[in-house]
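Asks: Given next are the chains, with one letter for each unit.
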Amino acid sequence: MPETAISTLTLAHFLGIGAALFALGVIGFVTRRNLIVMFLCTEMMFQGVVVTLVAFARFHMNTTGQTFVIFVLTIAAAEAALALALVVLLFRRQRTLDASAWTELRG
Amino acid sequence: MHVAAIIPWVPLLAAALCTACCASRTLRTLAAPICITGIGTAFVMTLVAIAKLAGAEGDHYTAYLAPWIEVGGAWVDGQYVGGMIANFSYHVDSLTAIMMLAITGVGSLVSIYAAGYMKGDEGYARFFAGVALFIFAMLNLVMADNFVLLFLGWEGVGLASYLLIGHYYRKPSAAAAAQKAFIVNRVGDFGFLLGVFCVYQAFGSIRFEEVLPAARALLTGEAAGLAPGAAAAYAVAQATQAANPAYLLAAPFGLMLGAFGKSAQLPLFVWLPDAMEGPSPVSALIHAATMVTAGVYLIARTIHLFELSPYALPTVAMVGALTAVVGALIAASAFDLKKVFAYSTVSQLGYMFLGVSALSTYGAIFHLVTHAFFKAVLFLTAGSVMHALAGQLDMRKMSGLAKKMPITCVLMLCGCLALAGAPLTSGFFSKDLILADAMSFGISAPTAGAKVVYILASLAGLAAALLTAYYAFRAWFRVFLGDYRVEFGEDDHGHEESHEEHHDPAHPREPHEAPWLMNAPLIVLALGAIFAGILLKATGVIEGAILHSTANSVEAPIAAHHGATEAAAGTGHEEGHAHRHHTPEYLHLLMYGVSAAIAVAGIGLAWLLHYRQRAIADKLRDAAPAFGAALNRKLYFDVLYEKAVVGPLRLVGQIMFLIDSLIVDGAVRLVARGPAFLGRGMQPGQSGKLHAYGLGMAAGIAAAVFLVFFAMSR
Amino acid sequence: MTTPLALYLASVLGAAALLLAMPRRGRPLVPLGTLLGPFLAATTLGLLWLLLAKDWLTTGDTGLEPLGFAYYYVFGGISLLAAGRVITHPKPVYSALWFILVVVSSAGLMITLSAEFMALAMLIIYGGAILVTYMFVIMLASQSAPLDSAEALPDYDGSAREPVAAVAAGFLLLAVLLGVAFDPSIERNPDAAVPAAEVAALLPERTAQGESSWLTSTPTDPTSAEAAAQAVEVSNVERIGVDLFTGNPLAIELAGVILLMAMIGAVVIAKAQPPSRSDDSGGMGAGPGAAPGANPADAPPSADPLRAEPPEIGAMSAVESPA
Numbered sequence: 001m002p003e004t005a006i007s008t009l010t011l012a013h014f015l016g017i018g019a020a021l022f023a024l025g026v027i028g029f030v031t032r033r034n035l036i037v038m039f040l041c042t043e044m045m046f047q048g049v050v051v052t053l054v055a056f057a058r059f060h061m062n063t064t065g066q067t068f069v070i071f072v073l074t075i076a077a078a079e080a081a082l083a084l085a086l087v088v089l090l091f092r093r094q095r096t097l098d099a100s101a102w103t104e105l106r107g
Numbered sequence: 001m002h003v004a005a006i007i008p009w010v011p012l013l014a015a016a017l018c019t020a021c022c023a024s025r026t027l028r029t030l031a032a033p034i035c036i037t038g039i040g041t042a043f044v045m046t047l048v049a050i051a052k053l054a055g056a057e058g059d060h061y062t063a064y065l066a067p068w069i070e071v072g073g074a075w076v077d078g079q080y081v082g083g084m085i086a087n088f089s090y091h092v093d094s095l096t097a098i099m100m101l102a103i104t105g106v107g108s109l110v111s112i113y114a115a116g117y118m119k120g121d122e123g124y125a126r127f128f129a130g131v132a133l134f135i136f137a138m139l140n141l142v143m144a145d146n147f148v149l150l151f152l153g154w155e156g157v158g159l160a161s162y163l164l165i166g167h168y169y170r171k172p173s174a175a176a177a178a179q180k181a182f183i184v185n186r187v188g189d190f191g192f193l194l195g196v197f198c199v200y201q202a203f204g205s206i207r208f209e210e211v212l213p214a215a216r217a218l219l220t221g222e223a224a225g226l227a228p229g230a231a232a233a234y235a236v237a238q239a240t241q242a243a244n245p246a247y248l249l250a251a252p253f254g255l256m257l258g259a260f261g262k263s264a265q266l267p268l269f270v271w272l273p274d275a276m277e278g279p280s281p282v283s284a285l286i287h288a289a290t291m292v293t294a295g296v297y298l299i300a301r302t303i304h305l306f307e308l309s310p311y312a313l314p315t316v317a318m319v320g321a322l323t324a325v326v327g328a329l330i331a332a333s334a335f336d337l338k339k340v341f342a343y344s345t346v347s348q349l350g351y352m353f354l355g356v357s358a359l360s361t362y363g364a365i366f367h368l369v370t371h372a373f374f375k376a377v378l379f380l381t382a383g384s385v386m387h388a389l390a391g392q393l394d395m396r397k398m399s400g401l402a403k404k405m406p407i408t409c410v411l412m413l414c415g416c417l418a419l420a421g422a423p424l425t426s427g428f429f430s431k432d433l434i435l436a437d438a439m440s441f442g443i444s445a446p447t448a449g450a451k452v453v454y455i456l457a458s459l460a461g462l463a464a465a466l467l468t469a470y471y472a473f474r475a476w477f478r479v480f481l482g483d484y485r486v487e488f489g490e491d492d493h494g495h496e497e498s499h500e501e502h503h504d505p506a507h508p509r510e511p512h513e514a515p516w517l518m519n520a521p522l523i524v525l526a527l528g529a530i531f532a533g534i535l536l537k538a539t540g541v542i543e544g545a546i547l548h549s550t551a552n553s554v555e556a557p558i559a560a561h562h563g564a565t566e567a568a569a570g571t572g573h574e575e576g577h578a579h580r581h582h583t584p585e586y587l588h589l590l591m592y593g594v595s596a597a598i599a600v601a602g603i604g605l606a607w608l609l610h611y612r613q614r615a616i617a618d619k620l621r622d623a624a625p626a627f628g629a630a631l632n633r634k635l636y637f638d639v640l641y642e643k644a645v646v647g648p649l650r651l652v653g654q655i656m657f658l659i660d661s662l663i664v665d666g667a668v669r670l671v672a673r674g675p676a677f678l679g680r681g682m683q684p685g686q687s688g689k690l691h692a693y694g695l696g697m698a699a700g701i702a703a704a705v706f707l708v709f710f711a712m713s714r
Numbered sequence: 001m002t003t004p005l006a007l008y009l010a011s012v013l014g015a016a017a018l019l020l021a022m023p024r025r026g027r028p029l030v031p032l033g034t035l036l037g038p039f040l041a042a043t044t045l046g047l048l049w050l051l052l053a054k055d056w057l058t059t060g061d062t063g064l065e066p067l068g069f070a071y072y073y074v075f076g077g078i079s080l081l082a083a084g085r086v087i088t089h090p091k092p093v094y095s096a097l098w099f100i101l102v103v104v105s106s107a108g109l110m111i112t113l114s115a116e117f118m119a120l121a122m123l124i125i126y127g128g129a130i131l132v133t134y135m136f137v138i139m140l141a142s143q144s145a146p147l148d149s150a151e152a153l154p155d156y157d158g159s160a161r162e163p164v165a166a167v168a169a170g171f172l173l174l175a176v177l178l179g180v181a182f183d184p185s186i187e188r189n190p191d192a193a194v195p196a197a198e199v200a201a202l203l204p205e206r207t208a209q210g211e212s213s214w215l216t217s218t219p220t221d222p223t224s225a226e227a228a229a230q231a232v233e234v235s236n237v238e239r240i241g242v243d244l245f246t247g248n249p250l251a252i253e254l255a256g257v258i259l260l261m262a263m264i265g266a267v268v269i270a271k272a273q274p275p276s277r278s279d280d281s282g283g284m285g286a287g288p289g290a291a292p293g294a295n296p297a298d299a300p301p302s303a304d305p306l307r308a309e310p311p312e313i314g315a316m317s318a319v320e321s322p323a
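Chains as they are written, first to last, in the working numbering: chain A, 1 to 107; chain B, 1 to 714; chain C, 1 to 323.
Be aware that a few hints might be false.
[Unchecked claim] SDA-like, lysine to any residue: derived pairs with alpha carbons at most 25 Å apart:
| # | chain 1 | residue 1 | chain 2 | residue 2 |
| --- | --- | --- | --- | --- |
| 1 | C | K271 | C | S159 |
| 2 | B | K119 | B | A520 |
| 3 | C | K91 | A | R95 |
| 4 | B | K689 | A | T42 |
| 5 | B | K689 | C | V132 |
| 6 | C | K271 | A | A78 |
| 7 | C | K271 | A | H13 |
| 8 | C | K91 | A | A101 |
[As the list claims (entries may be wrong)] If we take Cβ atoms under 8 Å as the criterion, some of the chain A residues that face chain C in the derived model are:
| # | residue |
| --- | --- |
| 9 | A12 |
| 10 | V30 |
| 11 | N34 |
| 12 | T42 |
| 13 | Q47 |
| 14 | V49 |
| 15 | Q66 |
| 16 | F71 |
| 17 | E104 |
Since the hints were made in silico from the structure, they are not lab data.
Quick reminder that beta carbons are idealized off the backbone N, C-alpha and C, glycines included.
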């Protein structure tokens, strides 16, 4: 019976959700031009990773994945704080949130 | 540790301090005291080291300082055995002792002289650093206990010579002369290295205390009583003699080439006259008294190796005799005062080579020592003249200086007398010793070829002696006697400060006597030039020293019969004694008489042509213009080298330059252009647009995951 | 195995749906594209769910399992649709709100994975703290235009940028990832998976800390309440706490340092005054002097404090000199 249980609702199902969230985040990051939304999309990529980690933790029968999620959350919070501060700064300079306004930083 | 082990390093320390003194103008004046102290200390330490020699076992001792090269062998009981060993370790015997005394003694005196001579020169500290460096290298050369350390000193003196010839490096001729000296010496050094390789192949060792006893044993056939290392070298050498005698035959020729290069012998002598571009003290110290005698020292040190090769010593004899004559001929026609003495040095070195070639290492070293004295005097007095006349060296433009510079006049007279071999001066004894030994060696040579070579060589030596007396006094008569007449030179030697008053039109320029700081060492040297010969001859110091060193020749195989009759029982040195005593006394006496007559004749000729009737000399010169021109141009040796060596080399160099600039540089430029093209191609990717970067990242991750999990796992 | 093929097909369909739903002002790909997109996405997702759950539909008669399955499909579907909406909604505020829905639904997924603490922490930190910060910044930075008028949207919000390439790349990535996740051969790879017994042997101290029951208990359906009640003697929070503080003390310290640095950095960055430009009368930080919504070109040059100063000094000296 455990065999069937695992086979019916497998790790792959959750990994699929995580991968989909991650891919949607990537698409959003690329297509959206609003700096804030772009950062929101990176948060969504984090979300996909978090789902994946928790799924691994459950199916590997330990809590390492969940512990790792805590650190991911930490980094996400720090990143959000800094990124939003930067967005505010950039907005003050150019009066716009368009990422294309900063192409002068090209190599 | 023996005191001898640190003797060379004291001048090196002085050199380092002098180099540091280059830093500031105020420190520069300290360089001379430092240099003099360093060399003087080395002199005193040399005396100590020689005092220790008296109690040494086996007439020599080895002062070990530090390991350097130990390859191919193994450590056994804390001792490195087998393989090639070349350490900083110094072999002190009586031959070394003589050389050390000459080097540090003359070096001290010359550096005292230079302290006055170089005053006001902008390269004051640099000059003394070079001198101290030279003393370091030269001491390494004569004290080395192996060929590699000797080569270190050999190259070191070359470097110091290069630096000091090029002291006035802003002057193109000085820079060119420095390069010429360096490059011509490379030819000789190449031969030297080949010789060392042959020695290592033949003996399996390059340490003197192994190679030389082994060579001696090979000559005498007595292998008993050899030290273990020497016995091993003897065994290897015996095997070599049986299987590959070419190594033993070739080794002296390689060393000979090195000696000819360093000592300015015939094919390679062209650099020495040009080397007179350096300051006069350098000419005196390096290019007359010490460095150029390194070749003589080398052959004297390794005389047993030369004896092993039947053709080596006659070759040396021919080259030496020819050089003596050619050098004297050119010297007799030169007008540049220092050039006269430079060719004279070439000629006198030829005598020394003639001496060693006749197995008269005693005569050669004796002449080396006396020559160091009188040639130093001559060069330094020439320097004084040059100093007084603001760089003027052309003998046609000066005359009758005796009234203005009496001391210098007397001092140079001493030097000229000794050079001319006037009776009872030091040059007289040493030159006659060489000629008598060569003559007797030739008379008693077993083969007709050797007979002819040596007798001709000693006759050539006599002819050169006549020329020597002539050109020495030609110079002296022209410069100091006659009507007072002087044309000042351009003074491009940096004495502006000391000659400031002469540029004042109110005071006409007057040649002035050199200061006492310069004259005092000259007086010491002049006394040596006159009396050293008779002292050394009477006390037999050098003869005894040679007998107790490895330079003591073995009369085998060509002159084996010499000592056989008179050999006394006892030590192995008796054979050498026997030979020298065998040079019949009548021959010596005859030679004394002949050469005294020749010297007087030469001086008289010079008196006639250059004091009484100077016009005759010019007429004679005009009578054979081609010969005179040839002599003036070094018998066209430079032209020959220019056409035969320099031209082709320059062509090769230009071809190489083309290959380098087209192919090598082209390849490098192509390689450099590749990344630039790549970068230009990828430049659009760096658009500064965030989404483009994100897009690239996503595609990249997809590709990477695909590769890792699908393409590579299957 | 038809599953990978179906997944790839779903990826393509989803890509098409997303492409249709992308904001594209003025020139939609097809008429009613913005409506067709969500419809197509929902359909695709539904069909995919049916395909994935067909085992459950046929053999779904084992205790409480169906409930767990239902949770997975419900929360998964909500989160994916909400995520699609996050990236397609033209207005940042609504994007943020949709993102909260994504967070909430993934919290639901985590509960089905018996990670209750994670689920709640996610809700509080993401849905609460971080998203509120985002909302603040969006409000701060948005123009004073009415939220619901499409014409007032700035150009950079109203239209997507290179949607075709982005969607192609993104779904390529998704297809590859799904292929990996659902590839049975990879799981069977002996190098890839370590046997559970070895894992247990590698973690002796953890078994000693009372987790043995959880580790050694037969892995059952994660959503089974009975199994959970039986297996979880130690609560989820306690397990994470033990693992966190016994296994990663250094990482915790580093996390603390990172948070502190982020805080200080945010303060410093946000306080920094941008240098005033000649064509800019001052940014938001210019203070009350800059009227909100004022056209910068209309602002008189004297409004620039740097420019205003020299005449003032001149005037003062002019006043003083007669005195």
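Asks: Output the numbers, in ascending order, of every earlier hint that fails for this structure.
Replies: 1, 5, 7, 12, 14 and 17
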